[in-house]
Amino acid sequence: MITTHRLPQTVFGEFAAGGGDQDAIRYLCEAQQSKHMMLLHAIAEEADGAAIPAYGKAAFWAGYALLTQVQATDPGTGAWLLSLPNLGGWAHDCLVRPEQGLAPDLAHITCFAAAAAVHAGIPFEIDVPVLNERVQLPGLGSLRIAGQSPWITLRSDGEWLTGREDLKVACRDLVPDDGSTGSAPQWYGTPAVRAVADGLTWDVRLETGDLYLDRYTLPMSTNLPAGEIDHWRRRIQSAWEVLVRHHRSAAEPLAASVSVVVPLTAQRDTDLVSATSPAAFGAIATSWPPDSVTMAETLVHEFQHVKLCGLMDMVPLVKTGGDLIYAPWRQDPRPAGGLLQGVYAHLEIARFWHAQRQAEIDPDDILRAQVLFARWRSTIDPSAHALLEAGCLTRHGVRFAEVLQDQGRHLKTVHVPDDAERIAEEVALDHRLTWQLRHVAFAPAEVARLATAYQQGQFFTAEMRPRARIKEDTRKVGSTVRTQLLNMRYLAPVRYRELCAAGVLPLSEADVLLINGKTSAAVQAYRDQIVGSADPLPDAWIGLALALHQLSQSPVRQAFATHLAVMFDMHAYSGGRRDPLDLAGWLT
Amino acid sequence: MTSQEQEISSAVPDLRNLPLDRLKPLGGSVLAHSIALFRQRLKESGLPLSSFQSRI
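Those protein sequences? They're chains A and B, same order as listed.
Read in order, the letters of the first sequence are residues 1 to 588 in the working numbering.
Read in order, the letters of the second sequence are residues 589 to 644 in the working numbering.
Just so you know, the hints here were simulated from the structure itself, not pulled from any lab data.
Note that CB positions come from ideal geometry on N, CA and C, so glycine has one too.
Wrong hints could be hidden among the right ones.
Using 25 Å as the maximum straight-line C-alpha spacing, the simulated PhoX-like pairs for lysine-lysine come out as follows [unchecked claim]: (1) B/Lys612 to A/Lys471; (2) A/Lys57 to B/Lys612; (3) A/Lys319 to B/Lys631; (4) A/Lys471 to A/Lys319.
Footprint (simulated), chain A over chain B, 3 or more residues, beta carbon under 8 Å [to be verified]: (5) 597 to 605; (6) 620 to 630.
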């Protein structure tokens, strides 16, 4: 009788608290092996379908038979193969492509089978597909095959791999390339990195050739020259040192489960993009991180997604449907599943910066760590609360979110210097208000009713407030130089100081006053901008809210922080040119 | 708490000790439910989770 994988409640609790040590991560890894077996079975059930060409069927069953043989002969190699993120990516695509009207690439199973047979050192013979003059051996590398033939017969006696008269490679050379020796002439070993720090080792492959791991929003970096591979090796080593020395509780389980880094090619050098695919457990994708600490943070961030994806394969946490929700780390509204992933990642990002506060030496780096810790720790409790309120979580998801919320509340008790807390609050408010103006919508008739009541001098009651709903891009609100500068104070303080000293910032007079801390004057300037224009000025409204935030005694501060979108709409309905402070006072 | 309550029964069948060629004879119904659940999850979760930062 088949049973299911079982997860101890204590381990579930560990994961919910953001952690999960090596023993805990083993539960996820073992479930992934079974998941891949299940997917192989599902693919096999459809392999004889009428839509599959004869050559595809024949190749699939030949590969399936060889895999079965390897599994029986060398269970360790079987487990190695079933752990490959490459297998997860391919299997996912085989099941999804038919629903998109595309043919599954069933023949690719022969590449997995050949790789497994080589890894196990057992004799075999199998036809494998050739693509772009390469034969992929997932997890190991690829063979260079000259010529136009779409297939090649690979044969091995366990010591030598042959195929056609011009191919003969020793099986012991068919391994990932760690850069220490040259590769056999027809072999391109997947670049391998062995990162070592304080007795802890992380073995990871840089996947730059397997198209089933080229599945992210940015393209995989392919054909990397040796010099760039070495850059990646050094960056991974230095990031590993940061993780081991300052974030060991994340380093150990990461080394036990993440076996692949996929380098991505960003559109611009100044962009940093990282990603995790639920289809490829154990793989983390990232564009080039500018320094070791950023790479370490990226690894922590994406490892949270790896863990949560693996956990959710075992235990569903989110139901489908539900409204879109505010995520403090995104510009767009998020579904419950996306928000849960974000909360989970940012809990550990907050902890990362909490530890970095002690690790950094340079005062600017310390400030950055302080602000980032303050910024992200403040998002956990309210975001987990929003998830619980949304009603989209399963029974286990509710427990998971409650633990997250508790962790967030605990982090809020940790002391942060006032200047860092102030910067963090301000950028958080800027982000939230910008998001609200972009995406919070009201029924025009309700806005009209409220605006009319204001104009007529009626007394405001809470029942008059229009019902808010989330509608993406309700209003056009662009990104501003002011927002960039508010964040530059802690992300790039040297450049911030240079720009301020040079006095060449492309800012409005009101923004200059705000940035320079002349708060009362900034309030007046934003107010004058709004009153003096019939046009809606979302940037001025946000600026006014930010300036009022700095005036803790202002009676309308709270109204701007919580009702900005409805005030903006009421003001626009009334044709503009009205005092926003008077409007806020009416709503207070 | 009983032993069963101390553990969560997951959605993934434990196939670790089963050879590939033993899956088909088990019959579709044994794994069908798990596979159906998983297909639904594939539809919902196929997209990668990504993070974007533009350096200042």
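Outcome of the hint check:
For the suggested pair B/Lys612 and A/Lys471, the alpha carbons sit about 48 Å apart, so the restraint of at most 25 Å is broken. The suggested pairing of A/Lys57 with B/Lys612 holds, with an alpha-carbon distance near 16 Å, which does not exceed 25 Å. With a CA separation close to 13 Å, the supplied pair A/Lys319 and B/Lys631 stays within the 25 Å bound. Annotation: proposed proximity of A/Lys471 to A/Lys319 holds, straight-line Cα distance about 21 Å (limit 25 Å).
Under a criterion of three residues with beta carbons nearer than 8 Å to beta carbons of chain A, the stated coverage of the region 597 to 605 of chain B is upheld, 8 such residues being counted. A count of 6 residues in the region 620 to 630 of chain B with a Cβ less than 8 Å from any Cβ of chain A is obtained; the coverage claim is therefore met, three being the minimum.
The structure does not agree with numbered hint 1 stated previously, though it agrees with all others.
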